[in-house]
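Number of protein chains: 2
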Amino acid sequence: MAKELKNLTKRSENYSQWYNELVVKADLAEQSDVRGCMVIKPYGYAIWEKMQRKLDDMFKQTGVQNAYFPLLIPKSFLSKEAEHVEGFAKEAAVVTHYRLKTNDTHDGVVVDPAAKLEEELIIRPTSETIIWNTFRNWIHSYRDLPLLVNQWCNVMRWEMRTRLFLRTSEFLWQEGHTAHATREEAEERTRQMIKIYADFAEKVMAVPVVQGVKSETERFAGALDTYTIEAMMQDGKALQSGTSHFLGQNFGKAFDVQFVNKDNEMEYAWATSWGVSTRLMGALIMTHSDDNGLVLPPELAPTQVVLIPIYKTPEQLAELSAKLNAIGDELRQLGISVKVDDNDQKRPGFKFADYELKGVPVRLVMGGRDLENGTIEVMRRDTLEKETVSVDGIAAYVKGLLADIQQNIYEKALKYRDEHIYECENYDEFKERIKDGGFFLCHWDGTAETEAQIKEETQATIRCVPFGVEQTPGIDMVSGKPAKCRVLIARSY
Amino acid sequence: MAKELKNLTKRSENYSQWYNELVVKADLAEQSDVRGCMVIKPYGYAIWEKMQRKLDDMFKQTGVQNAYFPLLIPKSFLSKEAEHVEGFAKEAAVVTHYRLKTNDTHDGVVVDPAAKLEEELIIRPTSETIIWNTFRNWIHSYRDLPLLVNQWCNVMRWEMRTRLFLRTSEFLWQEGHTAHATREEAEERTRQMIKIYADFAEKVMAVPVVQGVKSETERFAGALDTYTIEAMMQDGKALQSGTSHFLGQNFGKAFDVQFVNKDNEMEYAWATSWGVSTRLMGALIMTHSDDNGLVLPPELAPTQVVLIPIYKTPEQLAELSAKLNAIGDELRQLGISVKVDDNDQKRPGFKFADYELKGVPVRLVMGGRDLENGTIEVMRRDTLEKETVSVDGIAAYVKGLLADIQQNIYEKALKYRDEHIYECENYDEFKERIKDGGFFLCHWDGTAETEAQIKEETQATIRCVPFGVEQTPGIDMVSGKPAKCRVLIARSY
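Order-wise, the sequence lines are chains C and R.
If you read the first sequence in this note's numbering, its first letter stands for residue 22, the second for the next number, and so on.
If you read the second sequence in this note's numbering, its first letter stands for residue 22, the second for the next number, and so on.
Calculated directly from the structure, the hints in this document are not laboratory data.
Careful, some of the hints might be misleading.
Copies of the same chain look alike in the list, so a pair counts if it fits in one copy or across any two.
[As the list claims (entries may be wrong)] Within a straight-line C-alpha distance of at most 27 Å, the following computed DSS-like cross-link-like pairs (lysine-lysine) qualify:
#, residue 1, residue 2
1, Lys367, Lys283
2, Lys407, Lys75
3, Lys81, Lys71
4, Lys122, Lys367
5, Lys433, Lys420
6, Lys81, Lys46
7, Lys274, Lys122
Extracted from the complex, chain C is given alone in its bound form (with noise of 0.2 Å):
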């Protein structure tokens, strides 16, 4: 492993083949045999399994309700919305079957043509269309309002190039689906998401986002408008990492979902949809880690702290352990999680670097001389800067650190993307430097030609209309138009 390790390519070498080293290298997932699709290794869901524990009570704080809707989806259903058919049509997995049988040379299996679908289902590419031919049993009145749901599960969109986390066949997410009486609920809900997805991303996950609104051309397939946050990758790229839709009356009207309201008179309910996937893998990947591997941010580190004996005698390790065990018991009750790697099968220097890797946040290292002088070596994976502290007072020492290198690594994560990013006024200066990444804010003349033709000849997109920011009306780089305000473009994930 610390063979493997020092072979990790260097982010300035090459970034993407870094990124999906490191992906393998620590254990976080892995391509499967079966084209497109990952395997989550137990190291990655472990951090996954955090993330969804932590986004989960966001939502229920809200009043969310979790439930569960079919994998398999009518093939019918999706063509009730039109822009949704079109948005999901051309990379949907279809089952046209339900069993198999026996081959002619009895040595495999052929599908069953007698047991052909009359017709054809989806594996949901999104639930918008499953889930609001479902709510229309449920919605009569306006006391049936708001409603609420959340579903946690897979979903599959064929992919023609993929990479681990960030563009899978298949993967896992939330998706957050509510209806409403009023328009203005809907449109609150849609971004009262949006803050919680942002929150979520600053709090827990240490990345700094944009908040902002997706011009049309970039808005989901079926929705009046959509939300999202935007991560600024080391290489100066964006990752999309949330987004919550206001689909207005779209899927109300194409699944016949009406109640009666206040005023006694029949409407289509208002709708919006939320979702955060394992994508956000990706981008908590990108953002801290380095060359020596991942740097996990505290709240998100199935393992916060590891401690490590360094023994010349089997007596010494005995000792060690001891002490160090009687350490991982404080940290345990400050609620920190813990691993004594006291094997001897390894040697420390093995177990340092593969502790590197892995993004543990804190190292705390006992020798000999530590146990004469009662005190302890500690690093901290973020800078890898050491210092020996006394043991008396380790644990809230160490519960501090935790909270510290949180901090700082959003701190360090936000002056990386403060740092690049740019107002520019000339296409031509743009084209030059879009090349070496970065957040660009640039007039826009809210054509979509423009748009097209900004990403035909930068491969950069309109990530979205950013909040936060002072508008001034200004003159379109690109086509010399009045526009009203400024966009974010950026090359993309």
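Since the structure of chain C is provided, determine the placement of chain R on it from the hints.
Just chain R now, with coordinates in the frame of chain C:
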């Protein structure tokens, strides 16, 4: 709702219909428009989430880690283990294409024939094949073992006749898959997991179970041994509630998973797999519930205590609400999940009926006279008994009551079960008595022929060779041949 509740079919009239109605009326689940697939509604899902959380903790305490493997399995993988394909090919949902396109009349979508997969993919009915194909790359030395992995996911088995929770084409489950260096260790893990399932059923679900080992006919496809827990429903039928399989080296050989053992020799890895599913919801409902609705064990009730005011004036409602909220807070401090229902849009009678239907374990009701007297009415859902007690010390009282209910419903189910286990030596008598349900302990000659005859003539099956039953040799009641032991025979879900 109160009216609908009265319409719940009585168990004595039609047990099967009672179940079907209850699942829907208590808002647990409903049929979707996708054949055989259910929608798990928020209230049902909240119970399932509590099951998941507790089971997951129990697994992790034994060193199991969660992971995630692909939904889709190449058709050829299934064929690699001869018995496995035999067991699952006939109910496989098959993905044959990966794209839809607009139809000729531009009013819908059709499967794009150009997007046909080279090899069809099966939606996982269970994941031994894809997981052991992955394990090949994870296991090289005995030092990599044991490998203890679990996943929570959806699976699909194309069932012809479905019932909510009990038998659905798609269901949710966990599937544990472990690899070991020795046969003994794998067998020990197989037994360990069936014990965990039994513990969970009895202590958390309050459902008594018979543990035992399946006959060869009833084994999992590809297993050398299948252990099972069998619960008795209130109609005397058995419900298989969890299974744990010792798979020997079958999958190790089928997927060439070899490792260097301690003697430096290559050896195939030994396997187990084990699972429980949303079927447990069916067991939970049918074990405890009554003609008034659900009866939930406090350990799994999403709301353990509901507090309801009975008032004459808005002022009185305000006073009662304040008092009930204060009691609610006391209860929450003891870790009890509480709902104060002071909604003035619904009458108390409606609320009583609704919470009875939903199986909330304890109901606290306070009226004007209670306010004067410092008392509160306590109703326990399991017996429907009411008593009026002092509000002083109410929180501790309710906590004790919840424990008492958990114990009481277990003992009630245990008593019912034990009263309906019969020894039987005479096949004519058996054929008559099995019509009324119950578990029969009968000597069996160990042949598949006798087993098939019993099934054909009585629709009953050998559920298991039960553990904890004193076994003596005897005579098979069907064939008259010598029998080594008694087996448990019952009709089942």
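Results of checking the hints against the structure:
no.: 1; hint: Lys367 to Lys283; verdict: between (70 Å within a copy, 17 Å between copies)
no.: 2; hint: Lys407 to Lys75; verdict: neither (31 Å within a copy, 40 Å between copies)
no.: 3; hint: Lys81 to Lys71; verdict: both (16 Å within a copy, 14 Å between copies)
no.: 4; hint: Lys122 to Lys367; verdict: neither (50 Å within a copy, 56 Å between copies)
no.: 5; hint: Lys433 to Lys420; verdict: within (20 Å within a copy, 49 Å between copies)
no.: 6; hint: Lys81 to Lys46; verdict: between (35 Å within a copy, 24 Å between copies)
no.: 7; hint: Lys274 to Lys122; verdict: between (42 Å within a copy, 23 Å between copies)
In summary, the structure is inconsistent with hints 2, 4 from the numbered list given earlier, while agreeing with the others.
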